[in-house]
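Produce the complete structure using the sequences and hints provided.
Letter 80 of the sequence shown, counting from 1, is numbered 339 in my numbering, and no numbers are missing.
No lab work stands behind these hints, which were simulated from the structure alone. Don't be surprised by glycine CBs; every beta carbon is placed ideally from N, CA and C. Please note that the accuracy of each hint is not assured.
To be verified - Between beta-carbon pairs, the in silico distance windows are:
| hint | residue 1 | residue 2 | range |
| --- | --- | --- | --- |
| 1 | Lys355 | Ser317 | 13 to 23 Å |
| 2 | Pro286 | Gln341 | 28 to 38 Å |
| 3 | Gly321 | Gln341 | 30 to 40 Å |
| 4 | Ala285 | Ala306 | 15 to 25 Å |
As the list claims (entries may be wrong) - Here are the simulated BS3-like cross-link-like pairs (lysine-lysine), alpha carbons at most 27 Å apart as the crow flies:
| hint | residue 1 | residue 2 |
| --- | --- | --- |
| 5 | Lys302 | Lys362 |
| 6 | Lys362 | Lys309 |
| 7 | Lys355 | Lys309 |
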Amino acid sequence: MSGGADDEGVYELSSGGIDVSSPPPAPVHLDHKASGNAAFGSKDFGAAVKHYTSAYTSAPEGDDTFKSVVLSNRSASKRQLQDLDGAVEDARLSLKFDSGNVKSHYRLATYL
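Below, the structure written as structure tokens:
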């Protein structure tokens, strides 16, 4: 029996015990979102926009909630950059993916 993680990150027993090697890396869209959050927290809003854009474009098809969140975050970043038109556009697009996204509703209401 060989040890190692299968595609779902489940670990198998090997003859020497449990293989505790590193789990598989997080999907790239999650890394981009985390980088966007870090950039936003550091007030590097231009970098945040780039990371949130990468998160959005690399998100799996059908992950509408994730897309809504990163678009809402990108909207907030654009607002900080005084790009009001872009902020409104992203808030609206966010709501197309998840009409219940409260932050996007709030952001859109405060931008208009």
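Problem set entry | Consistency of beta-carbon spacing, Gln341 to Pro286, with hint 28 to 38 Å | holds (32 Å)
For this session: With respect to the beta-carbon atoms only, verify the hint that Gly321 and Gln341 lie 30 to 40 Å apart.
Result: holds (34 Å)
Exercise. Is 15 to 25 Å right for how far apart the beta carbons of Ala285 and Ala306 are?
Worked result: holds (19 Å)
Exercise. Honestly, do Lys355 and Ser317 meet the 13 to 23 Å range at C-beta?
Worked result: holds (19 Å)
Exercise. Lys355 and Lys309: Cα distance at most 27 Å?
Worked result: holds (21 Å)
Problem set entry | Agreement of Lys302 and Lys362 with the hint, judged by alpha carbon distance not exceeding 27 Å | Satisfied, since the Cα-Cα distance of roughly 19 Å is no more than 27 Å.
For this session: Take the C-alpha atoms of Lys362 and Lys309, compute the straight-line distance between them, and say whether it is at most 27 Å.
Result: holds (20 Å)
Going through the hint list in order, the structure satisfies each hint without exception.
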